[in-house]
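**Q** Chains as they are written, first to last, in my numbering: chain A, 1 to 113; chain B, 1001 to 1109.
These are computed hints drawn from the structure, not numbers from a lab.
Since we're looking at a predicted model, the values are computed, not measured.
From the three backbone atoms N, C-alpha and C, an ideal C-beta is built for every residue, glycine too.
Take these hints with a grain of salt, some might be off.
[Unchecked claim] According to the in silico footprint, chain A covers these stretches of chain B (three or more CB under 8 Å from chain A):
| no. | region |
| --- | --- |
| 1 | 1043-1056 |
| 2 | 1071-1080 |
| 3 | 1100-1108 |
[What the hints assert, rightly or not] Between beta-carbon pairs, the in silico distance windows are:
| no. | chain 1 | residue 1 | chain 2 | residue 2 | range |
| --- | --- | --- | --- | --- | --- |
| 4 | B | Asp1095 | A | Met41 | 17 to 27 Å |
| 5 | A | Asn62 | B | Lys1056 | 36 to 46 Å |
| 6 | A | Asn62 | B | Asp1095 | 17 to 27 Å |
| 7 | B | Ser1030 | A | Asp26 | 22 to 32 Å |
| 8 | A | Asn28 | B | Asp1095 | 15 to 25 Å |
| 9 | B | Leu1108 | A | Arg77 | 38 to 48 Å |
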Amino acid sequence: NAGVTQTPKFQVLKTGQSMTLQCAQDMNHEYMSWYRQDPGMGLRLIHYSVGAGITDQGEVPNGYNVSRSTTEDFPLRLLSAAPSQTSVYFCASSYSEENSPLHFGNGTRLTVT
Amino acid sequence: GQQVMQIPQYQHVQEGEDFTTYCNSSTTLSNIQWYKQRPGGHPVFLIQLVKSGEVKKQKRLTFQFGEAKKNSSLHITATQTTDVGTYFCAGPGDDKIIFGKGTRLHILP
Chain A
1 NAGVTQTPKF QVLKTGQSMT LQCAQDMNHE YMSWYRQDPG MGLRLIHYSV GAGITDQGEV
61 PNGYNVSRST TEDFPLRLLS AAPSQTSVYF CASSYSEENS PLHFGNGTRL TVT
Chain B
1001 GQQVMQIPQY QHVQEGEDFT TYCNSSTTLS NIQWYKQRPG GHPVFLIQLV KSGEVKKQKR
1061 LTFQFGEAKK NSSLHITATQ TTDVGTYFCA GPGDDKIIFG KGTRLHILP
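Based on the sequences and whatever the hints tell you, model everything.
**A** In structure tokens:
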């Protein structure tokens, strides 16, 4: 049972480049979400999904796109990377958004130069 | 929108001292969750509180949910070096889960 798998673990991008952070879970969780973590800012919600085909914006969605074509996968796309997007990104999933604990992936450390 | 506030942001304690972090929500919560993140790691679920006034214990950790279901606290008795990390509270609202900014605990030997 792999849980929540995030790839890559580390990534360096140049300003303007695009990339996709992958997230997959094998627990049949309906709720999936992306957070970014910056020093002193805690965990800020980027986008979330309550089920396949449904996505919505969180607190800091600008510059990011998501899709949820299957229950298992929830990729996060950076359209045109900026230095302000340098951060640690966590994907998390749970059975529901209401009363189930979140399971986190190991994170992706992204640096944009 | 919903806000979850946590204090203090940082706490340094001598090993063996107690530690408390407080969480306040701008709205009434159906439940509150607590997570721990070790340095360099990812957040790991600790516990969920659901009932008004609920108190739960996990060894040296005591979790409380306020009567109005808008605040919560985590108290660690006699801290150990293994308690080092950042403790987050999180609450559900509007189909999403919002985290506080966390309290980073440093243990001085």
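**Q** Honestly, do leucine 1108 of chain B and arginine 77 of chain A meet the 38 to 48 Å range at C-beta?
**A** holds (43 Å)
**Q** Kindly confirm whether 15 to 25 Å is satisfied by the beta carbon distance between asparagine 28 of chain A and aspartate 1095 of chain B.
**A** holds (19 Å)
**Q** Per the coverage rule (Cβ-Cβ under 8 Å, at least three residues), is the region 1071-1080 of chain B covered by chain A?
**A** violated (count 0)
**Q** Could you tell me whether the CB distance from asparagine 62 of chain A to aspartate 1095 of chain B stays inside 17 to 27 Å?
**A** This hint holds: roughly 20 Å between Cβ atoms.
**Q** Quick check: the region 1043-1056 of chain B, covered by chain A? Criterion 3+ residues, Cβ under 8 Å.
**A** holds (count 5)
**Q** Could one say that the CB atoms of asparagine 62 of chain A and lysine 1056 of chain B fall in the range 36 to 46 Å?
**A** About 38 Å separates the Cβ atoms of asparagine 62 of chain A and lysine 1056 of chain B, which means 36 to 46 Å holds.
**Q** Taking beta carbons only, do three or more residues of the region 1100-1108 of chain B come closer than 8 Å to chain A?
**A** Holds, because 3 residues of the region 1100-1108 of chain B bring their Cβ atoms closer than 8 Å to Cβ atoms of chain A.
**Q** Can you tell me whether the CB distance of serine 1030 of chain B to aspartate 26 of chain A sits inside 22 to 32 Å?
**A** holds (27 Å)
**Q** Between aspartate 1095 of chain B and methionine 41 of chain A, does the beta-carbon spacing fit 17 to 27 Å?
**A** holds (22 Å)
Against the hints set out earlier in the document, a violation occurs for number 2 only.
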